[in-house]
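Number of protein chains: 2
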Amino acid sequence: MRRLARGCADAVTEFKTALAETADRVTVALDALLPRADGPEKRLNSAMRYAALGPGKRLRPFLTIECGRLVDADERALLRAACAVECIHAYSLIHDDLPSMDNDDLRRGRPTVHIAYDEATAILAGDALQTQAFEIICDEETSASPSAAMNLARRLADVAGARGMVGGQMLDMAIEAAGEGEVDIGLITRCQRMKTGALIAFSAEAGAIIVNAEREVRTALEGFAHDLGLCFQIVDDLLDAEGDENLTGKRTHKDADQGKTTFVSILGVEGAREHARHLAVQAKEHLNVFGDDAELLKACVDYILERQS
Amino acid sequence: MRRLARGCADAVTEFKTALAETADRVTVALDALLPRADGPEKRLNSAMRYAALGPGKRLRPFLTIECGRLVDADERALLRAACAVECIHAYSLIHDDLPSMDNDDLRRGRPTVHIAYDEATAILAGDALQTQAFEIICDEETSASPSAAMNLARRLADVAGARGMVGGQMLDMAIEAAGEGEVDIGLITRCQRMKTGALIAFSAEAGAIIVNAEREVRTALEGFAHDLGLCFQIVDDLLDAEGDENLTGKRTHKDADQGKTTFVSILGVEGAREHARHLAVQAKEHLNVFGDDAELLKACVDYILERQS
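So the protein lines, in turn, are chains P and C. Residues 3 to 311 (our numbering) are what the first sequence spells out, left to right. Residues 3 to 311 (our numbering) are what the second sequence spells out, left to right.
Fair warning: there could be bad hints in the mix.
It does not matter which identical chain is meant; a pair holds if it fits inside one copy or across any two.
Stated by the list, open to error - With a straight-line cut-off of 25 angstroms between C-alpha atoms, the simulated DMTMM-like cross-links for lysine to aspartate or glutamate are: (1) K262 <-> E276; (2) K256 <-> E121; (3) K256 <-> D120; (4) K262 <-> D40; (5) K286 <-> D12.
Hints listed in this document are in silico derivations from the structure and should not be mistaken for laboratory results.
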C-alpha cells in the first residue's frame, strides 16, 4: 500500500500528480491491449484507439487502482481491470454521443467519433470496445483465480447492461423527453445510479472482487462509490448549468436548453451544491476504515467536488 | 447422446423437427434469462425481447446443442451457451440493420428494431444484448468449472469483437464501398470468416470448450464449422441473388443493386453453387470421427445447402 507523505501541504496537488501518472500508465497499457490499426478493417481499430486512447482524466481507472491498493490486489491485475473499465466508459461515450442519442459533436475537446470517422464506424467501435472489456477481464492475468475472474466479469455485465449503464441511458432519454413535472428526484437518482453510478461502483469494487475481500471492506467501498458517484453526477449537472465550455471540453447549457429535469433544476444551484458537499463528506467517512492509506482517495473526492471539467 | 432412428427415410425431416424443438427450448430459456419489460426503462427491455425472442431458425443454438452432445457436455450448460450465442447474433442483426449500416427495414418477416422502436433504442438494445451474452457465459451454471467458463468467455470475445464479427462487419461495408475489381475472393473469404464464420465456429466449439475436450475432437469441430460457415455464406449470397423475398423474410437482390462483390459475383451462380456443394461434402467428412452420433448434424449441412430462407 502507498501512503501519502505526512504533513503534505496540498493533498489535492499530490492527488493530481497521482491521477496524471495513472492516466499515463492506463493509456500505455490500453495501447498494448487494443488491436493495431492495420489490415483491411483498420478504420475500426483506428476509431477504437481514437476513442480509448484520447485525452481523458481516467478517473474510473484511478478509482480501480487506488481502491484495489487498499485491499492489496496485484498491481498488474488492477491495471488490466482499470483498462477494461476505461473500454466500457469509452464505448458508452461513443454511443451516447451518436446523432440518434445525445447528438454531441465535441468530447474531451475533440470531435466525437462519429464526426471524426462516421456513424457506422462509431457504432462498431463502441461495440468492439465493449467486447474488448470482457476479453481483458476474462483473462487469467486479470484475476487471482478463474473464479475471481468469473465474479468480476459477472459484476461487469451487471453494471454495464440493461440493469445498469445501458438501462440508465435509456432512462436518461426518457427523462429528456418527459414533460415538466413528470420527473421527480427519485427517478433522477435511479437514472444516475444506473447510468454512471454502477460503473463507478464497479471501478471501486474491482480490486476487492479480485482478492475476494471480506464483507466489511466490500461494504465500505460500496458506500464510498455510491456517494462519490452521486456527488460526481450532481457536479456534472452543475458544470452543464454553469461551466465553461473551454474548460469542460464538451458542450454546456444543454440541459437547460432542452428543458431537461436534472438535480440542478429540482434542487436549484445552491441546493445542488450543498447536496454534493454533503455527499463528499459521507464518501470520505466510508474510507475511514482504511486509515491513512485512503488519503489519496479522500483528495480525489475533494477534487471531484471542486472540478471545473 | 441422441441417435437418429436407423433406416430413417428422410433425415432432413427428422432434422427439421429437431431444429424446431431446439428453437422452442432456446426461446423459452431466453425468455427467462432476458430482463422483464417493466420499470421506467422498459422500452429497452421490450426491444431486446422483440429482437431475441422473435421468429428465427436458431441454427447457431442448434449447432451449440448438437455439437455439445457429441462431447457429452451438460444439457443445461449447452442450453445456456446456446442462449448466449443467440444474444450475440440478435445484437449483431440489430446493429447491422441500422440506417447508417445496411439500412434494412425487414428482418425475419417483421420490421427491424429501429423501425419497430427507434434508432436510439435499437442501438441500446443491441448493446445490452451483447452484455447479456457475457453475463450468461460467465455464470457457473454455463460451465463445468470457472476456468472453462473463462475459456468460453475469452473465445466468445475473440469471435465477437474487432478480430471477429465486428471487424467483419466493418470489412463488409468497406467491400460494399469498394469499386469493381478492387475486391478479390481472398478479401471476401476473410470478411465471411470474421463476420459470420467466427460465431458459427464458436457455436460448434462451445460444448468442447465446456468439457475441455481433447485436441482431435476440437480440430474436427473446427473443420466442420469452418466449411459449414463458408457454405452458409455462399448460400446466403445465392439467396440474395435468386431468392424469394416472401420466403427469406428479408430484402433480396440487394447485393446486385448495390454492385457489391460477393461469392456469386466472382464465381457466377453455377460456380458458387458448386463451391457450396463441395464445402457441404467436406463439412460432413469432418463429422465422420463421431460415427452415427453425427447424423443429425449431417442432415443440418444438407438443409443449409438446400435452404430457401
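Hints the structure violates: just list their numbers, smallest first.
Those not satisfied: there are none.
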